[in-house]
Amino acid sequence: MTALLPWLVAAWLLGIGLYGIVTSSNYIHLIGCLNVVQSATYVILLCVGYRWNAGPPIFDPQPPGTPAVDPVVQALVLTDIVIGATVSALLLALAVQLHKRKGTLDPEALRPMR
Amino acid sequence: MTRTARLLLFAVAVLVLAPAGVVVAMNMPAFGSHELPYGDAVNSTIPAARHISNMVSAVNFDVRGLDTLGEEFMLVCAVTGTVVLLRGERGEKLTSHPAQMRGRLNAPRSDALVLTGRLMGPMVLLFGLYVVLHATVTPGGGFQGGVVISSGLLLLYLCEDYQTWRWFMRAGWLDACEGGGALIFVLAGAAPLCFGAHFLQNIMPLGKFRDMLSGGLMQIVNAAVACAVLGGFALVFLEFLEETREPRGDP
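Chains as they are written, first to last, in the numbering used here: chain V, 1 to 114; chain C, 1 to 251.
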């Protein structure tokens, strides 16, 4: 079970985020849910690169050659978080424009553009 | 589509995908005790090949530097989109001397907030600079340090007047920081081509292991990323705060 837990946590984050997106009635809430979905990928990536009894992939106090976890996935997560934050800002800017033009943030209240 | 219909569709999708997800989870490699071929290759070769001790920075700025260049442009695109969307209606010229929006309370800062902010703000900026500069030695790098520095700028907003904050947050400088960072990254990648090497090939002197200036070309790429992230986040903060103001007659 312990071995399954990381993957189930990621699946749960993905599922609960999608549930929030499906039932959302506010764009700000929806963007928050999208971030939850995105965090599922962080959990997956970091768990894939984990290794028992290994240190960080930074050889500052310890000499090179000490067992270390995978730096590749950590680098992926690092850039992912920064890009994710700016993409959230872009989506929030869209929500600001939406509220200015239509006076609502409810996805249900919007009709397709003509 | 109504809310009920969407929930129903979601339930059907969960019913189909949940068992599949469990099967995938059961068949994943054993957590924490499987092969890590790429990570091990980086961990075993890079300290000797590039004289640096932070493998995450090595992956970001050297091993898969080209991918980071792509991510850098995603960042620039997202920030540009945000700025265009928010500036669109206000007009570009009107942002340099904002006035208080009518009906919005401008609460005076308490002395405790001003004191804490003025003490902590510069400390956070300095810490961000430290994180940027030690990218190749200790945990950190341009991405993290850029975010730390821009949050330090936001802390200065909390303890200063908005007008004062805008006096040192010049949109033009931040634009230049954002775009210039991406440009320096591209130039740093293209420069080795002039010497007959490959794109982003690390042909600069590598320095001493565990030295702040080790890593050769990674130092330039790291500084470029820090510039772009710092400029991008500061611009986003600036434009969102600007949304709460209205433009005043600019000369």
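Accuracy of the hints is not assured; some may be wrong.
[What the hints assert, rightly or not] Derived DEER-like restraints, expressed as beta-carbon distance ranges: (1) 26(C) / 103(V): 48 to 54 Å; (2) 102(V) / 209(C): 21 to 27 Å; (3) 196(C) / 41(V): 35 to 41 Å; (4) 27(C) / 100(V): 23 to 29 Å.
[Claimed, not checked] Okay, derived cross-link-like pairs now, SDA-like style, lysine to any residue, Cα gap no bigger than 25 Å in a straight line: (5) 208(C) / 58(V); (6) 102(V) / 244(C); (7) 102(V) / 162(C); (8) 102(V) / 85(C); (9) 100(V) / 85(C); (10) 100(V) / 208(C); (11) 100(V) / 80(C); (12) 208(C) / 195(C); (13) 208(C) / 63(V); (14) 208(C) / 102(V); (15) 102(V) / 113(C); (16) 100(V) / 243(C); (17) 100(V) / 81(C); (18) 102(V) / 1(C); (19) 100(V) / 138(C); (20) 208(C) / 66(V); (21) 100(V) / 195(C); (22) 102(V) / 73(C); (23) 102(V) / 240(C); (24) 102(V) / 91(V); (25) 102(V) / 138(C); (26) 100(V) / 129(C); (27) 102(V) / 87(C); (28) 100(V) / 87(C); (29) 102(V) / 30(V); (30) 102(V) / 129(C); (31) 100(V) / 242(C); (32) 102(V) / 242(C); (33) 102(V) / 2(C); (34) 102(V) / 90(C); (35) 100(V) / 67(C); (36) 208(C) / 111(C); (37) 100(V) / 90(C); (38) 208(C) / 61(V); (39) 208(C) / 138(C); (40) 100(V) / 58(V).
The hints are simulated quantities; they were obtained by calculation from the structure and are not laboratory data.
A quick note: this is a predicted structure, and the numbers were derived from the prediction, not measured.
Note that beta-carbon positions come from the ideal geometry of N, C-alpha and C, so glycine has one too.
* When you check the alpha-carbon spacing of residue 100(V) and residue 208(C), does it fall within 25 Å? -> violated, 56 Å
* Is it true that the CA of residue 102(V) sits at most 25 Å from the CA of residue 138(C)? -> Roughly 49 Å separates the two Cα atoms, so the pair is violated.
* If you draw a straight line from the CA of residue 100(V) to the CA of residue 195(C), is it 25 Å or shorter? -> Roughly 53 Å between the alpha carbons, so the hint for residue 100(V) and residue 195(C) is violated.
* **25 Å limit on alpha-carbon distance, applied to hinted pair residue 208(C) and residue 111(C)** => violated, 47 Å
* Asked: CA of residue 102(V) to CA of residue 87(C), is that 25 Å or under?
  -> Between residue 102(V) and residue 87(C) the Cα gap is close to 18 Å, so the pair holds against 25 Å.
* Is it true that the CA of residue 102(V) sits at most 25 Å from the CA of residue 244(C)? -> With a Cα-Cα distance of about 18 Å, the restraint between residue 102(V) and residue 244(C) holds, given a limit of 25 Å.
* Asked: Given the hinted pair residue 208(C) and residue 102(V), is their alpha-carbon gap at most 25 Å?
  -> violated, 59 Å
* **Hinted pair residue 100(V) and residue 242(C), Cα distance within 25 Å** => Holds: residue 100(V) and residue 242(C) sit about 15 Å apart, inside 25 Å.
* Do the alpha carbons of residue 208(C) and residue 58(V) lie within 25 Å of each other, as the hint requires? -> With a Cα-Cα distance of about 16 Å, the restraint between residue 208(C) and residue 58(V) holds, given a limit of 25 Å.
* Does the structure keep residue 102(V) and residue 113(C) at a Cα separation of 25 Å or less? -> violated, 37 Å
* Would the pair residue 102(V) and residue 162(C) pass a check requiring their Cα atoms to be no farther apart than 25 Å? -> violated, 29 Å
* Keeping to a limit of 25 Å between CA atoms, is the pair of residue 102(V) and residue 73(C) held or broken? -> violated, 31 Å
In terms of the numbered hints stated before, the structure departs from hints 2, 4, 7, 10, 14, 15, 19, 21, 22, 25, 26, 30, 35, 36, 40, listed from lowest to highest.
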